[in-house]
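Engineer: Sequence:
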Amino acid sequence: MGNKRALLLPPAIVMAALLLLWQGAVWLFGTEAYVLPAPSAIAKQAMDSAPLLAHHMRATLGITLLGFGIGAAAGFLIAALLHVLPWVRAGFYPLLVLSQNVPVMAIGQLLVLWFGFGALPRVILIALVTFFPIAVATMTGLSKSDGKLYDYMRMIGASRSQLFWRLELPGAVPHLFSGLKIAASYAVISAIYAEAIGADSGLGYFMLIAQHGFETAKVFAAIGVIVLLSLALFGAIALAERLLARGAAHRRREGRPS
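Residue 57 in our numbering sits at position 61 of the sequence shown, and the numbers go up by one each step.
It cannot be assumed that every hint is accurate.
[To be verified] The following label-pair restraints were derived from C-beta to C-beta distances:
#1 GLY143 to ILE205: 50 to 60 Å
#2 GLY143 to MET43: 35 to 45 Å
#3 GLY231 to ALA39: 14 to 24 Å
#4 MET43 to LEU17: 31 to 41 Å
#5 ILE205 to MET11: 41 to 51 Å
#6 GLY26 to LEU109: 41 to 51 Å
Treat the hints as calculated values from the structure; they're not laboratory data. Ideal Cβ positions, reconstructed from N, Cα and C, are used throughout, including at glycine.
Sequences and hints are given; from them, build the entire structure.
Structural biologist: Pasting the structure below:
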């Protein structure tokens, strides 16, 4: 507990100092609220708009989790396929890298053009954005298994599937979770963008309407909720990783295979 408090205290102090500086600057220079509202005004707006923000947050969370889940599954399956079949990797991996150079704005507009303004283009966009870091991280982990242990298992007659499930995949789990953490932030950001170009609910839609009405405090309040949502998703993945590692360590102590 003491170590956690020591880690959290410095950034908390810096954040509090920045908020006080922000509040003082707005008061000192008399900045108009539609240009830059004070933190106190943003906090008041967040409390006043809490029910509406909660409604739009649920919409964003639902579409984010759906797209993230599809992207994570696709990333893992693609990584496994490209690892097990090197000739497929040689042909498709460069195309995967090239696909990440297409601007998200262009993809989003095309998806809306092809699939309309429903949930489908938003889910597809989130999945497309999130699958790549998961696939790359998982492929990296799968390729870094213990060479000596790999040779030993081959020598005693282990099949290709046994090598994958017993050796390569367990060793790739930390890399997989690293990719999931990176993709989690991408998922929320891409959901916000997707909602801004084609939705009737969600935090991205809420921000767009507030921006058009010059209600800057509402925009900042929504940004705060987005940050909290991203941190919550990141924290859930980190917690799952910790529980999985703790369970694997417990099985090893009891002499059971992980």
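Engineer: List in ascending order the numbers of the hints, as given earlier, that are violated by the structure.
Structural biologist: Violated: hints 2, 4, 5.
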